[in-house]
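Keeping their order, the protein sequence lines are chains A and B.
Heads up: the first sequence runs through residues 2 to 231, numbered per the numbering used here.
Heads up: the second sequence runs through residues 7 to 277, numbered per the numbering used here.
Note that these hints are calculated values from the structure, not bench results.
Since this is a predicted model, take the numbers as computed values, not measurements.
Quick reminder that beta carbons are idealized off the backbone N, C-alpha and C, glycines included.
Accuracy of the hints is not assured; some may be wrong.
Stated by the list, open to error - Taking lysine-lysine and the BS3-like style, the derived pairs with C-alpha atoms no more than 25 Å apart in a straight line are:
(1) A:K44 <-> B:K216
(2) A:K18 <-> B:K272
(3) B:K183 <-> A:K29
(4) B:K82 <-> A:K30
(5) A:K26 <-> A:K45
(6) A:K142 <-> A:K26
(7) B:K272 <-> B:K216
(8) A:K45 <-> A:K118
(9) A:K44 <-> B:K209
(10) A:K29 <-> A:K45
(11) A:K30 <-> A:K18
(12) B:K247 <-> A:K29
(13) B:K209 <-> B:K131
(14) B:K183 <-> B:K272
(15) A:K18 <-> B:K183
(16) B:K247 <-> A:K18
What the hints assert, rightly or not - Examples of chain B residues lying across from chain A (beta carbon under 10 Å, computed):
(17) F8
(18) A62
(19) L63
(20) Q64
(21) P65
(22) D67
(23) M69
(24) H71
(25) P73
(26) V81
(27) K83
(28) D224
(29) A237
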Amino acid sequence: MRDPYEVLGISRDASEKQVTDAYRKLAKKYHPDLNPGDASAQKKMAEINVAYEEIKSGRAKYQDYSKPQGTGSYGGNRGGYGGYGTGGPYGGFNPFDFFGGAYQQRQQTSQQSRGDKFDPVRHYVNAMRYNEALYALSEIKDRSAEWYYLSAVASYGLGNRVTALNHIDEAIRLDPNNIAYQQARQQIAGSQQSYTQRSRGFGVPTFNFNTLCMGLCCAQLFCRGGWWCL
Amino acid sequence: MFGYVIANIDQLDEAQRARYQQVYCGLCRALGERHGAHCRLTLTYDMTFLILLLSALQPEDDMRHEPFRCPAHPVKKRESAMNAWTDYAADINVVLAYYQRMDDWTDDRRVSALAQAKIIGSQVKSVCERLPRQCEAITRGLEALSAFEQDGEPNPDLPAAAFGSILGAAFTPEGLKDQADLYAFGDKLGRFIYLMDAVVDLKKDIRHEKYNPMVFVDSTRHESILQVLMADCVEPFSRLKLYRDKELMENILYSGVWARYLAARKGGKKA
Numbered sequence: 002m003r004d005p006y007e008v009l010g011i012s013r014d015a016s017e018k019q020v021t022d023a024y025r026k027l028a029k030k031y032h033p034d035l036n037p038g039d040a041s042a043q044k045k046m047a048e049i050n051v052a053y054e055e056i057k058s059g060r061a062k063y064q065d066y067s068k069p070q071g072t073g074s075y076g077g078n079r080g081g082y083g084g085y086g087t088g089g090p091y092g093g094f095n096p097f098d099f100f101g102g103a104y105q106q107r108q109q110t111s112q113q114s115r116g117d118k119f120d121p122v123r124h125y126v127n128a129m130r131y132n133e134a135l136y137a138l139s140e141i142k143d144r145s146a147e148w149y150y151l152s153a154v155a156s157y158g159l160g161n162r163v164t165a166l167n168h169i170d171e172a173i174r175l176d177p178n179n180i181a182y183q184q185a186r187q188q189i190a191g192s193q194q195s196y197t198q199r200s201r202g203f204g205v206p207t208f209n210f211n212t213l214c215m216g217l218c219c220a221q222l223f224c225r226g227g228w229w230c231l
Numbered sequence: 007m008f009g010y011v012i013a014n015i016d017q018l019d020e021a022q023r024a025r026y027q028q029v030y031c032g033l034c035r036a037l038g039e040r041h042g043a044h045c046r047l048t049l050t051y052d053m054t055f056l057i058l059l060l061s062a063l064q065p066e067d068d069m070r071h072e073p074f075r076c077p078a079h080p081v082k083k084r085e086s087a088m089n090a091w092t093d094y095a096a097d098i099n100v101v102l103a104y105y106q107r108m109d110d111w112t113d114d115r116r117v118s119a120l121a122q123a124k125i126i127g128s129q130v131k132s133v134c135e136r137l138p139r140q141c142e143a144i145t146r147g148l149e150a151l152s153a154f155e156q157d158g159e160p161n162p163d164l165p166a167a168a169f170g171s172i173l174g175a176a177f178t179p180e181g182l183k184d185q186a187d188l189y190a191f192g193d194k195l196g197r198f199i200y201l202m203d204a205v206v207d208l209k210k211d212i213r214h215e216k217y218n219p220m221v222f223v224d225s226t227r228h229e230s231i232l233q234v235l236m237a238d239c240v241e242p243f244s245r246l247k248l249y250r251d252k253e254l255m256e257n258i259l260y261s262g263v264w265a266r267y268l269a270a271r272k273g274g275k276k277a
């Protein structure tokens with residue numbers, strides 16, 4: 002892995018703002034949506050994303066990138082370390098979170114300990130201590146399929162659905178034959194299939210202002226940005 | 007909010023369409039009568055859905071139907087339908103609109119936004135005395151959001167959860183027994199709306215070097231992620247005991263919420 006500071010073209014003592022600005026400039030140049038059909042842009046963007054996440058997570062500061070790294074493949078989002086879910090800053094604020102937790106727990110398959118470095122993580126996941134599980138995972142440098150799988154389960158437990166989906170797909174990509182990963186994928190994707198099926202029954206929705214506009218929405222549309230109509 | 011929670015009008019029958027228009031007009035009238043004519047300009051379809059949902063939880067339909075003349079369509083008289091939830095939704099609408107405009111002012115220095123915020127602002131204080139929990143949740147959620155935006159947070163779940171907490175509070179007025187399901191529904195709908203908005207604005211935000219959490223996720227995965235979030239959202243919805251307007255709301259949740267996304271995608275392909 003290349004030095005993330007080098008990838009973003011900034012010095013190691015760059016400020017938070019310089020990191021973000023550099024990232025956004027590069028995204029503007031390389032994002033695949035703005036460069037359709039350019040395979041090298043896709044690759045470049047993936048590298049930029051990894052570099053940005055490395056720096057934002059604080060890992061890059063203490064890492065010597067001239068030495069060879071673990072074999073783990075990088076990519077996807079870091080989990081919700083110090084997350085925003087049940088134990089996050091909104092912890093005592095969301096009185097109903099435990100309903101979701103209990104519901105998920107019921108369906109979750111238990112994580113057996115296996116005498117490897119992931120055992121503490123499995124222990125936290127079983128105890129529904131998902132923030133701690135993610136923290137323990139962040140300490141493990143080698144990102145194997147199992148790493149992504151456990152990160153997906155813990156993120157899912159915190160209600161962090163996007164990370165959960167990205168990481169379970171990464172786990173399956175690294176180890177396509179693991180049944181536990183496939184089952185976790187099914188649970189995380191939930192009732193996506195039946196939702197889309199029902200959705201299709203309605204036909205393709207059209208966003209048509211002529212039929213939609215029944216009140217002041219047209220006035221609002223034309224006034225947007227102007228204050229003369231207040 | 008962002009105007010994503012709208013019906014797919016083409017798939018509504020006559021009665022559903024009339025009902026949707028009446029509740030929408032009722033909200034607009036409540037905004038005008040409670041908060042002054044200028045607040046009508048903050049009207050959104052999203053809050054119409056909130057009225058439909060909260061009203062449907064009551065066994066009896068207590069909507070007051072009245073003919074009135076709409077200032078935007080003065081020729082023909084229209085009918086509005088209003089109940090206590092209309093007033094509640096109008097209050098929430100005003101608070102959300104206020105903070106959103108303040109945000110536009112602090113982020114982009116849009117003078118028009120500040121001018122609007124100043125005018126709406128006088129209403130916010132009285133609303134927040136009536137609805138302290140909702141107002142606090144909205145302020146806290148938006149503060150968290152702006153911190154994530156400023157920080158360039160690469161994990162999309164975090165700002166999405168902050169927006170979810172805002173809608174969770176908005177969907178749980180005092181005194182209803184289905185609080186847990188309503189909160190879960192609002193929370194999940196909020197997450198969906200936030201990320202849907204990010205997906206729709208993606209190219210624009212990249213070009214203007216603005217924060218957008220979906221930049222960090224491979225674009226080919228976006229649609230599937232949004233589907234999962236919406237599937238998640240209809241799950242607590244299906245647990246609610248609804249006395250009416252179920253099909254109308256399902257039209258919105260299964261179809262209407264995709265209208266702007268599909269319109270943007272179609273527009274993007276043409277360009």
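Notebook entry, point to check: Which of the listed hints are broken here?
Noted result: 2, 3, 4, 6, 8, 12, 13, 14, 15, 16, 17, 18, 19, 20, 21, 22, 23, 24, 25, 26, 27
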